[in-house]
Amino acid sequence: MIPEFSHLLAILSAGLMLYSSLIGIVNHTSDKSHKLRQLTHNTFNAAAFFLFLSFAVYIYLAIQDDFSVAYIASHSNSDLPIFYKVSSIWSAHEGSMFLWITFLVGWLWLFINHTKNDHEFFELIIIFSAILIFGFLLFLLATSSPFERILPVTPLNGADINPVLQDPALAIHPPMLYLGYVGFAIPFIYIISFLINGNFAFEWHREIKSWSLFAWAFLTAGIGLGSWWAYYELGWGGYWFWDPVENVALMPWLAATAFTHSMHALNKSKVLKSWTLFLGLSVFTLSLFGAFIVRSGVIDSVHSFANDPERGLFLLIFVALITLFALTILVIRMPKLYNNKTVVSGSKESYLSLNNILMVTSIFSIFIGVMYPLIYETFNSNSVSVGPPFYNTIFAPLIFIAAIIISISINSSWQRTNDLKKIFKRFFVPGILSVLSTYFIYTSSLYNLSLLQAIGFFSGFLIIFSYLIVMFNKLFDKVYLNWPSTISHLGFGLLLLSIAANSTFSIEKNLKMNINDSFEFGSSKLTFNNIQFGNEDNFERIRASLLFIENGKIFQLTPEKRRYFTRGQITSETDIKSTFLKDIYINIGEQIEDNSWTFRLQLNYFIKWIWFSIFLMTFGILMRFFVRAQ
Amino acid sequence: MLEHRKNRLKNIFLILLCLSIGVGFILYSLNSKIDLYLSPSEIDFQNLPTTRIKLGGVVKKNSIRYEQTLVNFTLTDFSGEIDVIFEGIPPDLFKENSGAVVLGRFSLNKLFVAEELFAKHDENYMPPNKNISSIYDS
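Line order of the protein sequences matches chains A and B. Going by this note's numbering, the residue at position 44 of the first sequence is 44; the numbering climbs one at a time, nothing skipped. Going by this note's numbering, the residue at position 21 of the second sequence is 21; the numbering climbs one at a time, nothing skipped.
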């Protein structure tokens, strides 16, 4: 009974969304009565309420172990703690799509009820929101229904959630990421409504700015959490692999970063009008493109989620229609958006535009990298794969230029040019400091610094020094300092620095050890003490115990290998001990013939700093809401 | 008016020029940075590829052997087989009769030396366009 109730609510919600958009369209094209507008709004709210209720009931079903629901039966288990019963909902395609749509409705519902209803294109916002939501609900109900049931013979217990997904970081990583992706539906809908409405004097960016920044914060945190989870739970030992699934998350992030920056320029000096509109539309479009790539299986990824041509086709058509519609409207309206204000070269907005171009270039390069195997396959009999070397060579020069522009732009001002002498003087100190620091690392490190790594170090140092100098000046003069921006950009500089340092200093060693063997390298020593076998409720385990001694400091490491009973799945539990600069990361492998075991020891330098810098970037943005900008 | 049009044409031309130079650079970089993605039956033993390639297939049953820190196994697509050697700890999902992808080169003795080893985590074993069910049916 209850599963049908949840299903019915979702169908009802889809119907009401369609109804709301239809009344809206009829009213908008005819007499625009206030009463009908109210009806459109109320119907939308009711539809949103039904969907929230439907999702709440679904959560209840998951908690209550209703294994008559096929999706819950194949992804949950009665032995799971409640926390993972709930998170099992988004552990596969159908449920995660349900969550995605619920968030979409949540954001749009919040926005619509937050904005003033005497807003000049209020009704258009509701119409487009309702159409968008209806389309996705149709996709969910028709091609990937999480409500299907196993009747009359209901399984006694569920098939269990994949053990590697039983992890707090993974439980919150998808929701965070989706909140980010879907959050950009607000600027998307708002911009389309603005373009159709046709009052181009209206300052559309004012209302949308904070919403976009919020969504940006979620997107950044979501990507960071995903990277962290892959590192410590999947035992990959790294943070980023340039896999298509990761790349399609990076594209909207870059577009969102460009969008929020150019919106800032628009706000300050009324330039880049149509460019900002274009970026605003592209963020959500790229999010949808990502959803299509991940959920259709057209691109061969090591970890793809669902390979279903029917879903792929539906998504492709829907995403293509949305994109085409948005871009067509933009192109039609473009001539009327003509702006008589131009960007003054040498002003802050000019540097910002340059970095915008770099960001779009990088999006374009990633896009080509993701699509190239598909294009290549069309014309050739065999296939290819595009890996990290491509992306690294593309990104390094772009980041190098971007860092220099960021550094210069700190001391520039809005709407007027600074003379070159002054700019050069200000750039001189951080520039020299960064060159010296990079050179210091080059000479003092035992490793060969590649050109790419040197670029990473230099760019990171340059951004950090530039902002530190500004902060230092602040101590003596009462100059204005934009704290949120400073912190976010320091985070970005630190990110580049940590990535470069990680790739330069990290060490990986594959070892074969018997009990009581030790392995020495440099000033450190690893000793394999013993191995234990044990049984837990839902898995059996092998746990090795090792000592890592470095300069008199002792670290106890206990990596594990587990075999879960329900699925027979084997997982490795990495053991990680962190110091200020590095992670000592150890994985246990197989037992080989002479009873010894294989281990992988990694010393990952600065990897914690990567996540700390992502935190700084997010924190800086959130700070914006608490610190009054001048 | 004519001047205005001339300017616009000049701009369009400039944008196209920049764009094509950019795309040219990207494609050039792509060509030197991509790896061919092959399956075992596509390997010609008389004429082994000399560049780094990606090889995808299924780990043959009873073929995994561990030796020191090396892993030896055979990758198959049910019509061709390649012996692979990898130094390190394979991922958790690496097992017999499961999909794996390796990145590396052929050594002189026709052994594939993998620099990286991935285990695929879905039911799709093969590189794209190679339908597993058609192999089972035949």
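Any given hint could be a false lead.
Stated by the list, open to error - Quick look at which bits of chain B chain A covers, simulated, 3 or more residues with Cβ under 8 Å:
(1) 23-30
(2) 33-46
(3) 54-68
(4) 75-85
Claimed, not checked - In the DSS-like style, the derived pairs of lysine-lysine whose C-alpha atoms are separated by at most 25 Å in a straight line are:
(5) A/Lys-553 with A/Lys-268
(6) B/Lys-10 with B/Lys-61
(7) A/Lys-512 with B/Lys-6
(8) A/Lys-270 with A/Lys-341
(9) B/Lys-110 with B/Lys-61
(10) A/Lys-336 with A/Lys-422
(11) B/Lys-10 with A/Lys-273
(12) A/Lys-270 with A/Lys-336
(13) B/Lys-33 with A/Lys-336
(14) A/Lys-509 with A/Lys-478
(15) A/Lys-509 with B/Lys-61
(16) A/Lys-525 with A/Lys-608
(17) A/Lys-341 with B/Lys-61
(18) A/Lys-478 with A/Lys-268
(19) B/Lys-95 with A/Lys-341
(20) A/Lys-209 with A/Lys-273
(21) A/Lys-553 with A/Lys-478
(22) A/Lys-336 with B/Lys-61
In case anyone wonders, no lab produced these hints; they're calculated from the structure. Glycine included, every Cβ here is placed at the ideal spot set by N, Cα and C.
**Asked** Does the structure keep A/Lys-553 and A/Lys-478 at a Cα separation of 25 Å or less?
**Response** violated (46 Å)
**Asked** Going straight from one Cα to the other, do A/Lys-509 and A/Lys-478 come out at no more than 25 Å?
**Response** Violated: A/Lys-509 and A/Lys-478 sit about 52 Å apart, past 25 Å.
**Request:** Could you grab the alpha-carbon distance between A/Lys-478 and A/Lys-268 and see if it respects the 25 Å cut-off?
**Result:** holds (22 Å)
**Asked** Does A/Lys-273 lie within 25 Å of B/Lys-10 when you go C-alpha to C-alpha?
**Response** Roughly 22 Å between the alpha carbons, so the hint for B/Lys-10 and A/Lys-273 holds.
**Asked** Straight-line Cα separation of B/Lys-10 and B/Lys-61 no greater than 25 Å?
**Response** violated (64 Å)
**Message:** Next pair to validate is A/Lys-270 with A/Lys-341; report whether the Cα-Cα distance is within 25 Å.
**Reply:** holds (7 Å)
**Prompt:** Does the alpha-carbon distance linking B/Lys-110 and B/Lys-61 stay inside the 25 Å limit?
**Reply:** holds (20 Å)
**Request:** Assess, step by step, whether the Cα of A/Lys-509 is no farther than 25 Å from the Cα of B/Lys-61, and give holds or violated.
**Result:** violated (28 Å)
**Prompt:** According to a criterion of three or more residues whose C-beta lies within less than 8 Å of a C-beta of chain A, is the segment 54-68 of chain B covered?
**Reply:** holds (count 4)
**Request:** Given the hint that A/Lys-336 pairs with B/Lys-61, test it: the Cα-Cα distance must not exceed 25 Å.
**Result:** Distance of about 67 Å is beyond 25 Å: violated.
**Coverage criterion applied to the segment 23-30 of chain B (partner chain A; beta-carbon cut 8 Å; 3 residues)** = The restraint on the segment 23-30 of chain B holds, since 5 of its residues have a Cβ under 8 Å from chain A and three suffice.
**Asked** Given the proposed pairing of A/Lys-341 with B/Lys-61, does the C-alpha separation stay at or below 25 Å?
**Response** Violated, at roughly 69 Å.
The earlier numbered hints that this structure contradicts are 4, 5, 6, 7, 10, 13, 14, 15, 17, 19, 21, 22.
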